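Residue numbers (the numbering used here), protein chains in the order written: chain A, 91 to 363; chain B, 59 to 359; chain C, 339 to 767.
Honestly, I wouldn't trust all of these hints.
Below, computed lysine-lysine pairings styled on DSBU-like, alpha-carbon distance capped at 35 Å [claimed, not checked]:
#  : chain 1 : residue 1 : chain 2 : residue 2
1  : C       : Lys582    : C       : Lys457
2  : C       : Lys767    : B       : Lys326
3  : C       : Lys582    : B       : Lys212
4  : C       : Lys700    : C       : Lys689
5  : C       : Lys746    : B       : Lys141
6  : C       : Lys689    : B       : Lys225
7  : C       : Lys457    : C       : Lys700
8  : C       : Lys473    : B       : Lys326
9  : A       : Lys153    : C       : Lys526
10 : B       : Lys141    : B       : Lys266
11 : C       : Lys457    : B       : Lys225
12 : C       : Lys457    : C       : Lys672
13 : C       : Lys457    : C       : Lys526
Note that these hints are calculated values from the structure, not bench results. All of these numbers come straight from a predicted model, not from anything done at the bench.
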Amino acid sequence: MTPTKAQKTFVYVLLILFAALWLFPVVWIFLSSFKNNTELYQFPPSLLPQQITFEHFINAFEKGNFGRYFVNSAIVAVTSTLLLLLINSMAGFALAKYRFWGGTFLLLAFISTLMIPLEVIMIPIFKVLSALGLYNSLLALIIPPAATPTGVFLLRQYLLTVPDELLEASRIDGANEWTIYWKVVLPLCRPILAALAIFSFMWRWDDFLWPLIAISDPNKYTVQLALSNFIGEFNVDWGSLLAMSVITMIPVLIVFLVFQKHLVSGMVTSGMK
Amino acid sequence: MSTESIAAHPQPVNKRKRKLQLAPYLFVLPNLLIFTVFIVIPTILGAVYSFHEYDGLNPMTFIGIENYAEIFTDVKFWQTLGKTATYAIIVVPLIYICALGIAILLVQQIVLKGFFRAIFYWPTMISFIIVGLTWRWIFGELGIINGVLEAVGKDSVSFLSDPFFAKLTVIIAAVWSRLGFFMVIFVAGLLAIPKDYYEAAHLDGASKLRAFFHITLPLLKPTTLLVVMLTTIEAFKAYPLMFALTGGGPNKATTYIVQYIYETGFAKQELGLASAMSIVLFVIITIFTVLQFKLTKGGEN
Amino acid sequence: MKKNSKAMFVLLSTLILSLLLAACGSNESVNSGDSGKKKTKLDFVWFSDGVEGEVMKEIIADYEAENSHVDIELIEVAYSDLPTKLKTMISGGKPPALARISTSEIGAFSSQAVDLAEKLGGVDGFTSQFLDSIKPYYVVDNKVVASPMDVTANGIMYNKTLFDQAGVEVPQSSDDIWTWDEFNEALKTVLNKSDAQYGLVWDFTPHRWSTLLYQLGGSMMNSDGTAATINNEAGVKAVDYFKKMHDEGVIPTSVWLGGENPNNLFRTGKTAAHLSGNWMISNYKDITDFEWGVTYMPIGTNRSSVPGGKFVMAFQKSGVEEEAANFISYLSSKEVNSKFNEKSLFMSPRKDSADLNYEFGKEMFALFADELNNTVPAAAEDWSKQDIVPKFSTDLKEGLSDVIADGKTSQQMLDEIAELINEAIEDTK
Numbered sequence: 091m092t093p094t095k096a097q098k099t100f101v102y103v104l105l106i107l108f109a110a111l112w113l114f115p116v117v118w119i120f121l122s123s124f125k126n127n128t129e130l131y132q133f134p135p136s137l138l139p140q141q142i143t144f145e146h147f148i149n150a151f152e153k154g155n156f157g158r159y160f161v162n163s164a165i166v167a168v169t170s171t172l173l174l175l176l177i178n179s180m181a182g183f184a185l186a187k188y189r190f191w192g193g194t195f196l197l198l199a200f201i202s203t204l205m206i207p208l209e210v211i212m213i214p215i216f217k218v219l220s221a222l223g224l225y226n227s228l229l230a231l232i233i234p235p236a237a238t239p240t241g242v243f244l245l246r247q248y249l250l251t252v253p254d255e256l257l258e259a260s261r262i263d264g265a266n267e268w269t270i271y272w273k274v275v276l277p278l279c280r281p282i283l284a285a286l287a288i289f290s291f292m293w294r295w296d297d298f299l300w301p302l303i304a305i306s307d308p309n310k311y312t313v314q315l316a317l318s319n320f321i322g323e324f325n326v327d328w329g330s331l332l333a334m335s336v337i338t339m340i341p342v343l344i345v346f347l348v349f350q351k352h353l354v355s356g357m358v359t360s361g362m363k
Numbered sequence: 059m060s061t062e063s064i065a066a067h068p069q070p071v072n073k074r075k076r077k078l079q080l081a082p083y084l085f086v087l088p089n090l091l092i093f094t095v096f097i098v099i100p101t102i103l104g105a106v107y108s109f110h111e112y113d114g115l116n117p118m119t120f121i122g123i124e125n126y127a128e129i130f131t132d133v134k135f136w137q138t139l140g141k142t143a144t145y146a147i148i149v150v151p152l153i154y155i156c157a158l159g160i161a162i163l164l165v166q167q168i169v170l171k172g173f174f175r176a177i178f179y180w181p182t183m184i185s186f187i188i189v190g191l192t193w194r195w196i197f198g199e200l201g202i203i204n205g206v207l208e209a210v211g212k213d214s215v216s217f218l219s220d221p222f223f224a225k226l227t228v229i230i231a232a233v234w235s236r237l238g239f240f241m242v243i244f245v246a247g248l249l250a251i252p253k254d255y256y257e258a259a260h261l262d263g264a265s266k267l268r269a270f271f272h273i274t275l276p277l278l279k280p281t282t283l284l285v286v287m288l289t290t291i292e293a294f295k296a297y298p299l300m301f302a303l304t305g306g307g308p309n310k311a312t313t314y315i316v317q318y319i320y321e322t323g324f325a326k327q328e329l330g331l332a333s334a335m336s337i338v339l340f341v342i343i344t345i346f347t348v349l350q351f352k353l354t355k356g357g358e359n
Numbered sequence: 339m340k341k342n343s344k345a346m347f348v349l350l351s352t353l354i355l356s357l358l359l360a361a362c363g364s365n366e367s368v369n370s371g372d373s374g375k376k377k378t379k380l381d382f383v384w385f386s387d388g389v390e391g392e393v394m395k396e397i398i399a400d401y402e403a404e405n406s407h408v409d410i411e412l413i414e415v416a417y418s419d420l421p422t423k424l425k426t427m428i429s430g431g432k433p434p435a436l437a438r439i440s441t442s443e444i445g446a447f448s449s450q451a452v453d454l455a456e457k458l459g460g461v462d463g464f465t466s467q468f469l470d471s472i473k474p475y476y477v478v479d480n481k482v483v484a485s486p487m488d489v490t491a492n493g494i495m496y497n498k499t500l501f502d503q504a505g506v507e508v509p510q511s512s513d514d515i516w517t518w519d520e521f522n523e524a525l526k527t528v529l530n531k532s533d534a535q536y537g538l539v540w541d542f543t544p545h546r547w548s549t550l551l552y553q554l555g556g557s558m559m560n561s562d563g564t565a566a567t568i569n570n571e572a573g574v575k576a577v578d579y580f581k582k583m584h585d586e587g588v589i590p591t592s593v594w595l596g597g598e599n600p601n602n603l604f605r606t607g608k609t610a611a612h613l614s615g616n617w618m619i620s621n622y623k624d625i626t627d628f629e630w631g632v633t634y635m636p637i638g639t640n641r642s643s644v645p646g647g648k649f650v651m652a653f654q655k656s657g658v659e660e661e662a663a664n665f666i667s668y669l670s671s672k673e674v675n676s677k678f679n680e681k682s683l684f685m686s687p688r689k690d691s692a693d694l695n696y697e698f699g700k701e702m703f704a705l706f707a708d709e710l711n712n713t714v715p716a717a718a719e720d721w722s723k724q725d726i727v728p729k730f731s732t733d734l735k736e737g738l739s740d741v742i743a744d745g746k747t748s749q750q751m752l753d754e755i756a757e758l759i760n761e762a763i764e765d766t767k
C-alpha cells in the first residue's frame with residue numbers, strides 16, 4: 091500500500107504547517123533568552139534579539155550552585171525512571187493479563203487519586219516522609235513518585251492489545267509467570283516503555299512539588315526548585331527564568347530524541363497467521 | 059463484570075484464573091506498597107481535615123460535616139465546577155483529535171520523523187509559568203498580535219481582558235502545551251496495531267478511511283480510554299497554566315475548580331474546607347471515571 | 339531474547355546501584371554536617387526579590403566568622419511557596435530556626451513565633467527604635483513576634499521622558515502636591531500630547547488599591563477592629579474613583595481584568611505612571627531607554643501611603659531558639675540593618691538610619707520616606723489584622739475587578755466585603 095505522490099505531498103504540507111505553528115513559541119522563548127531587559131519588555135516586540143547578550147545565563151548561574159542542582163536532578167530523574175519502568179510494567183502486566191479479585195478496583199483507585207491536588211495533602215506527605223527518614227533525602231524524590239497511576243494505566247492499556255496467545259505459547263512451553271513477564275512481555279512493551287521513559291524523565295526533571303515538600307538542604311536542591319527562586323514577592327526575574335528554562339530543556343530533549351527511536355512497531359504480526 | 063468478560067475470553071484465561079492467584083498480587087505489590095505509603099495514607103490523613111476547622115498550623119477543631127454543608131450551599135463552588143466542566147468538554151475532544159491526527163501523520167514513512175516528533179513534544183517540557191509568559195507574548199497587551207495590529211495602524215486589542223478571548227487563549231495554550239504528551243501515547247498505541255490487519259484490509263480493497271474506522275479506531279480503544287480519562291482529569295485539575303497566563307481572570311472567567319480550592323486552602327487559610335472540597339471533587343471524578351471504565355469495559359476488545 | 343534479558347540485567351543492576359548511591363549520597367552529607375566541629379545549625383527560610391539574598395549571605399558569613407559555633411543555612415524558596423513551605427515544616431514537626439516573612443504572612447505564623455521581647459531589650463525598648471507605623475505588624479498581644487528588616491511604602495513612579503514630551507511638570511515639593519483630579523487631568527494631558535499609550539498602571543492587589551482608600555479618608559475596619567468600615571462613604575468614593583479612571587481610559591483595564599503585569603507595561607516606556615512601591619526602584623534601575631523618577635502621590639482628604647515590610651521570625655520548638663534570637667538581635671542592630679538595606683536598595687525601618695547612603699536613587703528613597711511619614715495610622719492597623727485580612731482580601735480583589743467590568747456597583751460590592759469582614763471578626767471572638 092504505497093501512498094501516491096499527491097498524498098505524500100499533502101502529509102508533508104500538513105506536517106510542516108502544524109510543526110511551524112508548534113515551534114514558533116519555542117523559538118520565541120529561545121531567542122528571548124538572549125535579549126537584554128530593555129528589549130525583553132519592548133513594544134512592539136521583535137523576534138530576533140537586536141543585541142545578543144548572555145547576561146541572563148551568567149546572572150542565573152551566579153545565583154546558585156546550578157552545577158550541583160543539575161547533578162541532583164539527573165540522579166533523581168534517571169533512578170526514578172528506572173524504578174518506575176520496572177514497577178509500573180509489573181503492575182500493568184498483572185492488571186492487563188490476569189483477572190484477580192480487587193484488580194479493577196485497584197486500577198480505578200490508582201487513577202482516581204490523580205484527582206487529589208497534592209497541595210492539599212502536603213502536610214501529611216511531609217509527616218510520612220519524615221517518619222520514614224526520607225526528609226532531606228533524594229530518595230524522597232525517587233521512590234514515591236515512581237508509583238505513577240498514569241504509568242500503570244498506560245502499560246495496562248497497551249498490553250490489552252497484545253494477544254493472549256503469545257503468552258499462552260510460552261506457558262505451554264513451561265515458562266513460569268516471572269519468565270513470561272521478563273522474557274515475553276517486556277520485549278513486547280518496547281515502544282510503550284520508551285514512551286514511559288520519556289514521560290518519567292520529564293516528570294521527574296520538571297517536578298516541583300515533591301522537592302518543595304521533601305528538600306530543605308540547598309545541597310540537595312533540584313533544578314526546578316532553584317529555578318523557582320527567581321520568583322519574588324514583587325519582582326520576577328524573567329530574564330534568568332527564561333535563560334535557565336532554555337538550559338533545563340536540553341536534557342529532556344536529548345532523552346526524547348534518544349528514546350523516540352524505540353517508538354517503533356513492537357509486534358510485526360498479530361500472531362494469528 | 060468479571061464473569062461476562064471471562065466468558066468473552068478464550069478458555070486458557072479461565073484456567074489461569076484458578077491456578078495462578080498469587081502471581082498478579084506479587085506483580086502489583088511494589089507499586090501498590092509505594093503508592094499506599096506515600097499517597098493513600100496521606101490522602102486519608104488529609105481527608106480527616108475535612109471534618110475539622112484547620113489552617114494548616116494551629117490545632118484543629120472538630121466540626122463534623124459542617125465543611126461539607128458549607129460546600130453544598132456554596133454557589134461559587136458549583137459555578138466554578140460548572141465552568142471547569144465546560145472547559146473540559148471543549149478541551150478533551152480537541153486534544154484527542156489533534157493528538158491522534160498528528161500521531162497518525164507521524165507513524166507514516168516520512169523523513170525526519172524524530173525531528174517532527176520532537177517539535178510537537180517540545181512544548182510539554184516547558185513549565186507552565188513560561189508557557190503562560192509565552193502566550194502573553196502572543197495575545198497579551200504587549201504581544202505579537204497587538205504589535206502587528208499597531209504596525210498596520212489599527213488599535214491594539216486587550217484580548218486577555220475579554221472573557222471570551224481569555225478562555226480561547228487558555229484553550230489554545232493548553233492544547234499547544236499538552237498535545238505532544240498524548241501524541242506520544244497515540245504513536246505507541248498505533249504501533250501496537252499489528253500490520254497484517256491493514257494488509258488484509260488492503261487486499262480486501264478497503265480504502266484508507268475505511269481502514270481507519272474499521273481497524274485503527276476499534277483496535278485503539280484501550281488507548282482512547284486512557285487518553286480520554288487522563289485528559290479529563292487534567293482538564294479538571296487545570297490551574298497552573300491559567301494562573302500564569304490569565305491569573306484566573308478576567309473577573310474569574312478562567313478560574314477553575316482547583317484554583318478555587320487552592321485559594322480557599324491557602325489564601326483564606328481554610329485547609330479543612332479545601333480538603334472537603336477536594337474530597338467532593340474526588341468523588342465526582344471517581345464516579346465519572348468508573349462509569350467511563352465500565353461503559354467501555356476497561357477498553358478491552 | 340538473550341539480548342533483551344542482558345539489557346534488563348544491566349538495567350536492573352544500574353537501578354539498584356544508583357538507588358544505593360543516592361541513599362549513600364544523602365547519608366554522607368548528613369554525616370559531614372554533624373561530624374564537623376559540633377556546630378549549631380540554623381535553618382533560615384528565605385525568599386528574594388532582587389539582590390537581598392546575596393547581601394544576606396554576606397552578612398551571614400560575617401556573623402559566622404564572629405560566632406564560629408553557628409552555621410546558618412539559607413533555604414531559598416519562591417515567595418509564593420513560602421507559606422506552604424513553612425506550614426509543612428512546622429506542622430510536620432521540623433520548624434526552621436528562622437524565616438524571612440512578609441506582612442501578608444506574619445499574622446498567620448505569629449502563634450508559632452518565639453517572643454523576642456526579652457532578648458531584644460523589652461517591648462518598648464525594642465519598638466522605640468523602629469518606625470511607629472509598622473509596630474502593629476510585629477507586636478502581637480504585647481509580644482515581639484518578629485523583627486523588622488526593611489520597610490516599604492506605596493508610591494508613584496513616572497516616565498519622565500513622556501511627561502517632558504507632554505510639557506507636564508510633576509510636583510516638586512510636598513507643598514504643591516496634586517489632588518486626584520489634577521493628577522487625573524495631568525495623565526490625560528500626557529496621554530494626548532506624548533507617545534504614551536497608557537496613563538497609569540496600578541498593581542493588581544487590594545493592598546495597592548487601599549492607598550486611594552486611605553487618601554480619601556477611608557479604612558477597612560475601625561481602629562479597634564470590631565466592625566467593618568470599608569463600605570462607608572469614603573470607601574465607595576475610593577472604588578468609584580478607581581472605576582472612573584478605568585472608564586476614562588487613564589488606567590488600562592488590561593491590568594485588573596487581563597492580568598497584565600504592570601511592571602512590564604511601565605518598562606515598555608509607553609506608560610506615564612505606575613502606582614506601586616519603593617521596591618520597584620531596584621527593578622527599574624537598569625532601564626536605559628527612557629528617564630523615570632518618583633513623584634508624590636496625590637492628596638485626597640489627606641495624604642497617605644501604606645506601610646509594609648519584611649521581617650525575620652524565629653520559631654518555637656526549633657531546638658535552637660536561643661541562637662536564632664541572638665542572630666536576630668545581630669540583624670536588628672543599626673550597623674547590620676543599615677548595611678542590609680543600603681546594599682539591597684531597601685528602606686530601613688530604624689528611626690536612626692533613615693538616611694542611608696544608597697548607590698542609586700537617594701532622592702527617590704527620600705520621597706518614599708516622606709510618603710511614609712505622611713501616612714494615616716489606619717493603614718497599618720487594617721493590614722496588620724492578619725486573622726481577618728486573608729478572609730476577604732481575595733474577594734476584595736475580585737470585587738474591584740467586578741466593579742470595573744460593570745458586574746456590580748461599588749456599594750453592592752463593598753457591602754458584601756463588609757459582611758465578610760464582620761463574619762471574620764465574629765469568628766475570631
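Okay, the hints, checked on the actual structure:
1. Only pairs whose Cα atoms come within 35 Å are accepted, and C/Lys582 paired with C/Lys457 is rejected, the gap being roughly 51 Å.
2. Between C/Lys767 and B/Lys326 the CA atoms are separated by roughly 18 Å; this keeps the pair inside 35 Å, and the hint holds.
3. Restraint check: the Cα-Cα separation between C/Lys582 and B/Lys212 comes to about 25 Å, which is no more than 35 Å; the hinted pair holds.
4. For the hint linking C/Lys700 to C/Lys689, the alpha-carbon distance of about 17 Å falls within 35 Å, and the restraint holds.
5. With a C-alpha separation of about 20 Å, the suggested pair C/Lys746 and B/Lys141 falls inside the 35 Å cut-off, and the hint holds.
6. A threshold of 35 Å between alpha carbons decides the hint, and for C/Lys689 with B/Lys225 the separation of about 50 Å lies outside it, so the pair is violated.
7. At roughly 33 Å between alpha-carbon atoms, C/Lys457 and C/Lys700 fall within 35 Å of each other, so this suggested pair holds.
8. Among the hinted pairs, C/Lys473 with B/Lys326 is consistent with the structure: their alpha-carbon atoms are about 24 Å apart, no more than 35 Å.
9. Restraint check for A/Lys153 and C/Lys526: not satisfied, since their Cα atoms lie roughly 42 Å apart, outside the 35 Å limit.
10. Restraint check for B/Lys141 and B/Lys266: not satisfied, since their Cα atoms lie roughly 39 Å apart, outside the 35 Å limit.
11. A C-alpha spacing of about 54 Å is found between C/Lys457 and B/Lys225, which places the hinted pair above 35 Å, so the restraint is violated.
12. In summary, the hint linking C/Lys457 to C/Lys672 is supported, as the alpha carbons are separated by about 16 Å, within the 35 Å threshold.
13. For the proposed pair C/Lys457 and C/Lys526, the alpha carbon gap of about 54 Å is over 35 Å, so the pair is violated.
Against the hints set out earlier in the document, violations occur for numbers 1, 6, 9, 10, 11, 13.
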